[in-house]
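So the sequence lines, in the order shown, correspond to chains A and B.
Per the working numbering, the very first residue in the first sequence carries number 10; after that it's consecutive.
Per the working numbering, the very first residue in the second sequence carries number 10; after that it's consecutive.
The hints are simulated quantities; they were obtained by calculation from the structure and are not laboratory data.
Remember, predicted model here, so these are calculated numbers, not experimental data.
There are no misleading hints in this set.
It does not matter which identical chain is meant; a pair holds if it fits inside one copy or across any two.
With a Cα cut of at most 20 Å, we get these calculated PhoX-like pairs of lysine-lysine:
hint, residue 1, residue 2
1, Lys153, Lys113
2, Lys61, Lys32
3, Lys113, Lys132
4, Lys132, Lys145
5, Lys113, Lys145
6, Lys153, Lys132
7, Lys32, Lys59
8, Lys113, Lys156
9, Lys154, Lys113
10, Lys113, Lys96
11, Lys145, Lys156
2 protein chains.
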Amino acid sequence: MAFAIYEEQFRYFLKRNNLKFTKERREVIAAIAIQRNHFNAEDIHQQLKKQKSNVSLATVYRTIPLLIGSGLMTETTYGGERIIYEKIYNKPHHHHMVCINCGKIIDFTCPDVEIVQNDICQKNFFLSTEYRLEIKGYCQTCRKKMKNKKMNRTFIQEFK
Amino acid sequence: MAFAIYEEQFRYFLKRNNLKFTKERREVIAAIAIQRNHFNAEDIHQQLKKQKSNVSLATVYRTIPLLIGSGLMTETTYGGERIIYEKIYNKPHHHHMVCINCGKIIDFTCPDVEIVQNDICQKNFFLSTEYRLEIKGYCQTCRKKMKNKKMNRTFIQEFK
DNA sequence: TTGTAATTGAATATCATTCTCAATTACATT
DNA sequence: AATGTAATTGAGAATGATATTCAATTACAA
Ligand SMILES: [Mn+2]
Ligand SMILES: [Mn+2]
Ligand SMILES: [Zn+2]
Ligand SMILES: [Zn+2]
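Given the sequences, and given the hints that come with them, work out the whole structure.
In structure tokens, the structure reads:
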């Protein structure tokens with residue numbers, strides 16, 4: 010199970026930064042080890058409750074930058090009402106398609122994007138720390154639904 | 010000046026959606042016509058004040074979805090504390106580099122990304138309505154600064 | 001001119017995230 | 001094992017951008 014490795018890496022990070030390995034932080038590590046794919050701060054907190062842990066939501070929020078800093082997880086898609094995270098330990102860099110109807114998130118890898126990103130940064134003397142290609146639209150399932158019922162198109166958009 | 014065309018397209022959109030072309034909306038159009046590159050809701054409101062317009066911030070927020078729906082502007086980079094917009098009328102689709110030190114936003118176009126996006130969507134039967142490649146990091150100016158002073162690296166990250 | 005649904009400003013709500021603070025705890029040092 | 005001290009915690013309050021409520025106003029089709 011990944012838990013032991015997660016904990017090891019996290020402890021190492023904490024020590025390097027003169028931070029303490031508390032009971033609460035251990036429990037948060039256990040909670041994210043169980044998360045699958047994409048999750049948010051509240052999901053972590055819910056999992057903690059399932060674990061009979063009383064770690065507060067404030068502490069969850071305080072732990073998130075540490076989890077990211079230690080290389081265990083990362084922010085994923087932007088632009089929703091809450092920030093979504095995912096574990097990245099030993100997982101290749103990838104991007105996301107997000108269904109604006111049902112919220113489904115589809116991962117995809119794409120070597121071309123990595124190359125493009127490199128080129129662009131070199132040309133602009135930009136030092137990249139992070140990059141994301143995010144595609145929004147309708148997933149296959151929701152497209153089928155659209156054919157039957159009319160979907161919730163907010164506005165009529167018909168120009169040019 | 011683009012203002013007349015902006016207004017025409019906006020009026021057309023409003024009519025198609027049984028919405029009214031109010032004094033306030035006319036003034037907001039005038040305000041965004043003046044904005045350059047990237048701006049936020051508060052910027053629009055400030056410009057309105059400069060125009061001696063009393064349009065409220067609430068109305069600015071209410072008008073934003075209409076401006077987007079009418080194809081005049083779009084959301085730009087994600088993930089900051091406020092949403093950033095830009096006019097897209099007759100402007101080609103492009104992406105962004107964002108400096109996490111000074112906030113500078115650099116536009117870039119990239120045909121390869123457009124192709125990649127098409128491929129991925131086809132393979133996954135995904136109907137894309139929008140996609141963004143966003144690169145975060147340090148701009149040229151901030152890189153130079155980093156060489157002199159030590160920058161605000163929050164954590165020591167040294168693993169693997 | 002009239003009827004009516006849309007719109008407005010002001011105030012208030014929302015709600016994810018961050019902060020404050022007094023009490024507690026990890027852990028390096030003795 | 002006891003101590004010193006800085007880091008951490010939970011609870012609750014604060015933040016702040018954006019959304020909503022509501023009574024008064026307005027656009028505009030008929
Ligand atoms: Mn993912
Ligand atoms: Mn741009
Ligand atoms: Zn869907
Ligand atoms: Zn910069």
